[in-house]
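J.: Turn these sequences into a full structure, and let the hints guide you.
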Amino acid sequence: MLLESLRDGSFGVKFDVGDGFQREDEAEVYAGLERTADDTTWHLAFTPFRLGLRPEDDAVLRDDFERQVRFLFQRQYDMLPSVMGGTPRLPPRTSDPSWSPLIALERIQVGGAPCLRVLYRLAYEHGLEIVEGLLLIPLASGLFQFKVSHGERFTGYRETALLSDFMRKEPGVPPDELMKRHGQRAYDSPEWDARFPEHSLSRVRAALTWLTTPEQSGLAVLAPMPPPPRGEVELPGVGCAITPPPRYTPVPSEDVGLSSSIAMFVRLLASDNRTLDVWRSPDTLPPGPGRAEALVNLARRNAQEWVQEGATDITMDTHVLPELDGRPHVANHLRFLARGRPVTNATRWLADADGAVFRVAVGGPPYLPIEELAQEADAVIRSWRRLPDASPRASAPPAPAAKKPWWRFW
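Residue 411 is where the sequence shown ends in the numbering used here, and the numbering goes up by one at each step.
No lab work stands behind these hints: they were computed from the structure. Do not rely on the hints blindly, as some may be mistaken.
The calculated SDA-like cross-link candidates involving lysine to any residue, where the alpha carbons are at most 25 Å apart (straight line), are [to be verified]:
no. : residue 1 : residue 2
1   : K181      : F72
2   : K148      : V119
3   : K148      : P343
4   : K15       : Q217
5   : K148      : A46
6   : K148      : T95
7   : K148      : G289
8   : K15       : F155
9   : K170      : E153
10  : K15       : P215
11  : K170      : G184
12  : K148      : K181
13  : K148      : Q185
14  : K148      : L123
15  : K148      : R94
16  : K15       : T42
17  : K181      : L164
18  : K148      : T37
19  : K148      : P228
20  : K181      : F155
21  : K15       : D40
22  : K15       : A114
Distance ranges between label pairs, derived from CB positions [stated by the list, open to error]:
no. : residue 1 : residue 2 : range
23  : Y368      : M2        : 32 to 40 Å
24  : P227      : E178      : 45 to 53 Å
25  : G10       : A38       : 20 to 28 Å
26  : E29       : P227      : 19 to 27 Å
27  : E25       : S190      : 46 to 54 Å
Ideal Cβ placement from N, Cα and C applies to all residues, glycine included.
T.: What follows is the structure, given as structure tokens:
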């Protein structure tokens, strides 16, 4: 079980929850806890996905988390009825594009190991505030995540008290102007946490500070993730090389139950991730005319096969693209449900001169425009390079198909 593996350091990170936590739920790679000292809820999880933390990708990293926590905030808002207690709810705070639910995103080190610490609001309205904090620890074998959350119904007292302070210091300035002048960042500053120790933000931030102070928590990173590859990545099992877009980090196929003919990359987020896969299909297109149409049929058939693997409500747009250096080239844009969750996907299919077929698929959460995913798929396919030893021999059997589709990790 997870807590025993965590205590033993089996994942590459070591932490003993001790007597200060009450276990609510536990499995091999997940545990749910309640921390008695501060009434915070903790979710601990291990995943084989990797998190690359290259400094040159910081702007992309921040934009990724900003967009996703905004989506999570809206999804949480939509879960509640539009009228509560006979009073219509105000629009979500995210309807103001200048306001962000992302409180902090920072690189830190725990015992010399690079980690990512994130603070954000999941709800923020009259009668409900939820703050969550993440500690993401990249490991040689995957990623370990600590998520700390706290919610409360008595809201706004921190902001009201601080606004009163600002009004005393700046007499004559209207409250609305003061709120705009100082902004959410001023109210969320850690300098006020000691004054409002019971506030959800103060509790979650203090819990993360305790966790990331090894002298207090005993947290130790035993096997940190080595720096991910930069630039072109050769994929011998697939028989080609590609250059992944920023933040896409390779994941060993065997770690996620895929065959060697498919290579997986992950752009890890706070919740649903962005994925990139490169696959060598077992199919071979015969020479002669009509190869583009045959590639279209192959793309459609492949998508329909996902239904047998659990995908539902599949819609697709398949069309022929201009050839790439004489190679047939097809696009397939899809939307479907995987375990009830909506997924958007852009694929590119390419047939080499000898008929070998390759697929590049870029997928992610539903808030991502298909055009954005398509641009990434196009960039990857333009970087595609066939490896010399990937050419099939006439006597060789077809390469094995993937054991399961790229999006199915269960």
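J.: Enumerate the violated hints, using their earlier numbering and listing them in ascending order.
T.: 7, 8, 9, 12 and 27
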